[in-house]
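Protein chains: 2
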Amino acid sequence: MLTNTFSPQVAALIPMFYIGWSDAVLSPSEVLLITNKINAFDWLNNDDKLLLSLWSDPKNPPSDELMSEWLRSMKDAAINLKSEGRQSLVSLGVEMAKTQADDNTWLTQDVIDALSDLENVVGLASLEMHGHILSHEQIAKEREAVLNASNVNVNALQHILDDEYGDIRQKVFKVLHDPMFGLKTIRNKEEYREQVLKWCKLIADQGFGALHFPDQFGGQNNMGAFAAVFETLGYHDLSLTVKFGVQFGLWGGAVLWLGTEKHHQKYLKDIGTLELPGCFAMTETGHGSNVRNCETTATYNPETDEIIVNSPTISSGKDYIGNAAAHGQMAAVFAQLIVHGENHGVHAILVSLRNKQGVIEKGVKIEDCAYKLGLNGVDNGRIWFDNVSVPRFNLLNRYGNIDDNGLYSSPIESSSRRFFTMLGTLVGGRLCVPRAGLSAAKSSLTIAVKYALKRRQFGPENEPEMLIMDYPSHQRRLMPRIAKAYALDFALTYLTKRFSERTEEDMREIETLAAGLKSEATWFTSDTIQACREACGGKGYLAENRFADFKADSDIFTTFEGDNTVLMQLVAKGVLSQFNKEVTGNGFMGIVSFVANRFVDTVREKNFLNTNNYDEGHLRDPGFLSDAFSYRLQDLSVSAGQRLRKFIKKGFDPHNAFLKCQNHLLEVAQAYVDNIVLQQFIAQIDRCQDVKVKKTLKLLCDLYALHTIEQNKGWYLEQGCMSGSKSRAVRRLVDKLCKEVRNDALCLVNAFGIPDACLAAPIAGYS
Amino acid sequence: MLTNTFSPQVAALIPMFYIGWSDAVLSPSEVLLITNKINAFDWLNNDDKLLLSLWSDPKNPPSDELMSEWLRSMKDAAINLKSEGRQSLVSLGVEMAKTQADDNTWLTQDVIDALSDLENVVGLASLEMHGHILSHEQIAKEREAVLNASNVNVNALQHILDDEYGDIRQKVFKVLHDPMFGLKTIRNKEEYREQVLKWCKLIADQGFGALHFPDQFGGQNNMGAFAAVFETLGYHDLSLTVKFGVQFGLWGGAVLWLGTEKHHQKYLKDIGTLELPGCFAMTETGHGSNVRNCETTATYNPETDEIIVNSPTISSGKDYIGNAAAHGQMAAVFAQLIVHGENHGVHAILVSLRNKQGVIEKGVKIEDCAYKLGLNGVDNGRIWFDNVSVPRFNLLNRYGNIDDNGLYSSPIESSSRRFFTMLGTLVGGRLCVPRAGLSAAKSSLTIAVKYALKRRQFGPENEPEMLIMDYPSHQRRLMPRIAKAYALDFALTYLTKRFSERTEEDMREIETLAAGLKSEATWFTSDTIQACREACGGKGYLAENRFADFKADSDIFTTFEGDNTVLMQLVAKGVLSQFNKEVTGNGFMGIVSFVANRFVDTVREKNFLNTNNYDEGHLRDPGFLSDAFSYRLQDLSVSAGQRLRKFIKKGFDPHNAFLKCQNHLLEVAQAYVDNIVLQQFIAQIDRCQDVKVKKTLKLLCDLYALHTIEQNKGWYLEQGCMSGSKSRAVRRLVDKLCKEVRNDALCLVNAFGIPDACLAAPIAGYS
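For the record, the sequence lines run as chains A and B. Residue numbering for the first sequence follows this note's numbering, beginning at 44 and increasing consecutively. Residue numbering for the second sequence follows this note's numbering, beginning at 44 and increasing consecutively.
Source of the hints: derived by calculation from the structure; they are not laboratory data. Watch out, some of these pointers could steer you wrong.
No copy is singled out in the list; a pair is fine if it fits within one copy or between any two copies.
Stated by the list, open to error - Simulated crosslink set (DSS-like; lysine-lysine; CA at most 25 Å straight-line):
1. 703 / 782
2. 689 / 779
3. 738 / 779
4. 779 / 703
5. 227 / 241
Just chain A, same shape as in the assembly (with noise of 0.2 Å):
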């Protein structure tokens, strides 16, 4: 008996519900089917179904109390089976509803086909789900057999990866897996907008989009969740990756970093639901990186309490706007705010492009991008504003307000500090976006990988050929890289960590973090996949495979969200300020601890530049490791002040030493990166408990570290603390590693946790 009180008929649904629920997600598809079979059913009164039509409810799944409730229930139930009936559905939900009243003169044949109808048309949509099960089977069954031969522990490593986020992923994958999300080669670009924006109202449709707002608003607070979401659906296609970015986490973020509780109130429910698709404005034709001299103003008119917005010339267009050239109905629009003919910087204002019919408002201008390299999923344009007037309601105003009596105020003075601090809130975007690059070339890895282990192609005399994955050379492309992609991962964990636990005093080294994780994911994103996709061959080519997507729409990843050369030099800029900061922040006494630790580093580097040690333990020592990793952004970093301080002394101004150094200084940035994600790897390995799981971890973050070494030899040789026949040994090293971890490279890539259906390259199959 149910503790709370169902009827009889809802009763008799529960076991449905419980299994449609019990891997914590209903598919789009099985909502539709179970909604409408359930509102045709005439033995159930209006209470019922509104209760059953609340438990459809994607956004709302019951409570673990419920659903516990909803077990021990069944259970009950099922000991008045006989056990043949025990695996029906039906009759155990006759026996549930039995429990709940005596009278079941309502429980006719009609009654009971109908339920039977009802299980099989849930198992229709679970066809699918019965094909998911399966292939998870195959692949727990594959992964065991692999695991029996490997010492590594697939399971511990992927929950390992998957940090706190293993839960919403497996959501997403399940979402994923809904026939409405097959891959299919759409070309045309209004075709492929429309497929990409129903599929991203079917996971707004899941409380996806709205993770990271408040709880009033359907979210979470949950950033990291979020940024999980966007990693995850980066291994479906990166189109809906993308507008999911630009609807949920530009627009919404915007909204709700900028805007305060009156926009929250107005806007953010319909944003996290894609009521209300909406553009991130800021980007403009003629000032791609350069925000802060964008032309757009944003003129205050006292007489009607009203901002006029407006584009002064062609090249003031807000350009690669997404959601502009199709969907977008209203834009948060950055531009120079003037209250009584004094320019106070930056701001966003919202402004109104189209109707909910789609019609575009007067004194809006917008142009479709067209077709671009990828991304043609996503509907770009650029828009102009012809003096647009917007109530004053429209300025976002946290960061700056404009009061009833049209005086602008800021709870920051310094405009340059206050720039700044609206641009760090929208960091979020820097922490997505080398996340679902790195799902692309995770995806890119699995796919080689698994193709290298049934491609076969020459081989000795009268022998059959080899396996391509057992060239020296293969390996060399291939094995670097997943112990990188391992690196990277851990590397934006923690960075999504810091942010997530921010104070005032930590964005700066978080935007530093930020820009300098994201050029690096990005960039090997691009290095990754065309590395798999020629590791591929031929097959590697074909649409088919995957690689041409990924290739296509992650290119753009090294660009937007900050292109990474741009990016780079904050990253140097960060490091180079922390740097004075040790130096002169304490005045004398900093001086003196500074100098202080470089002697401590000049006994360390002693140690690290044991330039004739060259033994296996010598080289995989962590402490050599990271002596290595820190001597050279110290070295790095020392240096090239000491040659911006020269020119700032000569008279250079700070742009122009700056541009003197320009080369040097983004060398600092790749060390400060490099050094990083080797911290973050040894902290990991640090961690974890199992030695097992460890050794694997360990092998990895060698192959990592030393390849990183060798790829910068000429450095470490050239500075003279790495003897040629170290520099040699590292090579050897590496090779013997790549060697050690190809063995383990199933494994290794299994432990993503792709599933094939996601995958779907028929090269990564076993057929």
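Add chain B to chain A, keeping to what the hints say.
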């Protein structure tokens, strides 16, 4: 008066034909217009019409003698013109007619109107030509301006790059400029394929497809000119380039090089005109690079005197075959030839695929490869043969024949040598592919340079934003690649010359050269297009700016016509066998001479090793540069050879010994290619007479060479033949040379000679 007797009616038309042919080529639109108009003139008799239609045939341009005669008689006739009439082709024509006959009553006002109409129509067709001339004028003017401000002689440089193929390139550009070749986005593959077929026919109509054929089949025996056409088509659309290569280079090449007189007589003419579209069916699904082990069989049946072609397994299907999915009527099928039970190795056999109506022949199964990453205008497919019988005639029997008695014979005893000889004749493809890749890279560099010279971003406080070209990081991205584009161009021209003048003994070396340069140039292509796309930021991602197609289409160049990694192993084998020949060829004396040579090298090395000399004069000394390159090649070869020998001595079979040293051998191959490229660059400079041009070439060569040394500084430092200070000096010098080349960048890309209409990227314009 004309020497030849033409009717006055024909004479009246001569001025228009002269002008039409004056740039040596009639574009397809012009031909169509002229032919239609002339056929409608009732004042021309049929003989005249026949003659004029001959004169309109782009495959048979009027001879130089005829053109001279026309010109002379036009000048004569012009004397009779009043000065104000001299401009009109019609009045000149009337004078020409009068010189041929006294009775000109046929010259009514109607006829004169018709002539004027024709003049207008040709003028109309030339609206584009007019634009073409105009834009040429603009380019000329603009170049003049830059030329005056720079020390670079653009025309002289372009002339050097053009080598002896400037004329044929201009002819191709003229055709590509025809409105029929307008670029538009075609996303649907069927539609795109038809467009490309149509283009390819127009190109064939110009006789470009048969240039490498003997005279009697419409050709000029000119492989160099054929390669120049292939390369020039690479500026337009790479699907067209590849379709052209498949039809005329691969399919035509197979019949030409592997067939004999009887096959030439029967097929070559129709292949050259695209009357007979065909396939080169070599690659198999299961055997991409390993052609020698392909599974398709061709079994001679003495009873019917036929050959039975069969695909025994799914994996023996011919894969990725261009022209297969839609247009191919015949194929040269590579198969194991079995005669009386004996396998004579791989031979090519002609098999019909479709009839003229496109109906697929019995026993043939064809599958579409569907969408690919790029080249979607090429109809790649898979082909299986189910015991298809063809006459014995269809064996391409140059290197292996079955005589009337059903007996097999070959001019080459060893089946291994026979196989490599057959493959060697097909090396033409490896000549062409890297050149088309280089075209795409040059287009990309041109677009990126022109954009960087108008795009501004950031700058010193209170000053205008800076040109992005003035950022050192941007110069580092583009300048070394411009230098390398020149370097590779010269090397590829050298390769084409070597191939054109080849002897039997040269072939081994030419194959090594072709394999190495194909790999180097196509990797350079992928890398350069990517760098240029990123250098243009978001603008580079828009399809209209061309990188999208360049990237996608050229991506497979690293794989087809031989996978680069496989080819580089062939290169290493070629280099080492050359090295072995030197050592072992002359027995003991060989070894002595080798040791002596090594001694000489050691002396020279001393000079090169001058590790502490790092003034600019030393670093830019061609002696230092070429010693540095050749030393790397020699040292890597010697050590790889020693390692190989060690493994062979230990009892490894050659394949496995090779495998143990694979990564080392790939470095040998790379050093060989680098060395060839530098040698050819230096040779090019030595040939140059003009002091100013020489200086420009020297600057580019130094940047190429020093940048290559910098990329390999790890190796040089490891070997102890460069000090850290010298290595740092190289880096500083590369920075400096990048800045110098930056000043000439526009001239240097202009000298690539790509017409704006071909470039077609809006961001490359001055708008």
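Numbered hints the structure breaks, given as an ascending list: Per hint list: zero violations.
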